[in-house]
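As given, the protein sequences belong to chains E and S, one line each in that order. Residue numbering for the first sequence follows my numbering, beginning at 1 and increasing consecutively. Residue numbering for the second sequence follows my numbering, beginning at 1001 and increasing consecutively.
Calculated from the structure, these hints are not laboratory results. There may be inaccurate statements among the hints.
[As the list claims (entries may be wrong)] Quick list of in silico lysine-lysine cross-link-like pairs, DSSO-like style, CA-CA up to 27 Å: (1) S/1107 - E/80; (2) S/1108 - S/1137; (3) S/1108 - E/80.
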Amino acid sequence: MDHAIHTDANDPTNITNPEHAQHHIVTPAQYCLVFATLLVGTAITVGAAFIPLGWANPVVALAIACFKACVVVLFFMHAKYQSRLIKLTIGAGIFLFLSLIAMTLTDYMSRAWGMW
Amino acid sequence: MDNSITSHEAVGHDAHEHVALPQHRHHFETQEQQREAGSFGMWLFLLTEIMFFGGLFFAYLLYRNWYYPAFASASQTLDIRIGAVNTVILITSGFFMALAVYASEMKKQKMLVQTLILTTVFGVAFLGFKVVEYRAKYVENHIPGASFSVKDFVTPPKDASGHFTETPLTPDMAQHIQLFFFLYFAMTGMHALHMIIGIGLLFWLIRRAQRGDFTSGYVAPIENFGLYWHFVDIIWLFLFPLLYLINRHPLH
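Excised from the complex, chain E in its bound form (with noise of 0.2 Å):
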């Protein structure tokens, strides 16, 4: 196997890829102030519940929900400092689902919606 020829610039095999070398350990004072965000965050969307706010309650509560999965995402899951291919990847999973989730709702939406 021929080192020589991996330098940063061509690195097909992935080994000198310098996004390795900045591997982050999180502190416990950061995972506390994500557990902290965490509990204010199921606070709300739990008080939010109780106030009729109308087409805004499942909003609110689905944005919430979407911010706490951001939270954990980047910092118990470490994606914040994960390499651009993980980056990548979770990006690609989420904008899949969305995907598929919004092809199937056009589908139904599109074809016998209020005539079940």
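Fit chain S to the known structure of chain E by using the hints.
What follows is chain S alone, placed relative to chain E:
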């Protein structure tokens, strides 16, 4: 399931003498490459899990729109307090799991074992509350199937002035409540199954952590299990508002 690690000297790969730690497999050039490949694989697995739960979430979205009054009434019967307490319990469990990854990185064996045990304890507590909730559904005859009863929804209890405490449903709309509870049990049950599998894995990880397997620079199993555990947390972060919270003030 212990990783059987053959020493690289024994295999005789002269070209790979740069290998430092026994867990480093010979088909990876560097430890960092191995670590990234492991995380990448774990994330790909989690993406398949998103698609799997995504189908259930979509079914919920669709049927909630179709049978809105039934879903709103059915959701009122879930205990918001147990749901909220369980959310806090699960977040706490995830917090200790995150600390376990830190302990493994910093090679603190005692802290690693303790945090893994706390992760397990909170996970079991979550399942305990889930049992209480499932039992309540059984007692109320709200489990879909032959024993399901629409009584509570067609003739809801009356208050002192003789008015219904909740809007009564027509019998055919009330039948659609079975769909809500079918999805409720499918989604929370599948989530609980993931937690049961996770708790099984935690016992195995605790045993190995006690042996010192993960406090000598070998973080990958703890880190990847952490990803799985946090993923299960995230599923609940969406299940809680969808099942318990968003139907409290139905539109008319």
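Agreement of residue 1107 of chain S and residue 80 of chain E with the hint, judged by alpha carbon distance not exceeding 27 Å: holds, 23 Å
Satisfaction of hint between residue 80 of chain E and residue 1108 of chain S, Cα-Cα up to 27 Å: holds, 24 Å
Satisfaction of hint between residue 1137 of chain S and residue 1108 of chain S, Cα-Cα up to 27 Å: violated, 44 Å
The structure is inconsistent with hint 2 alone, although it conforms to all the rest.
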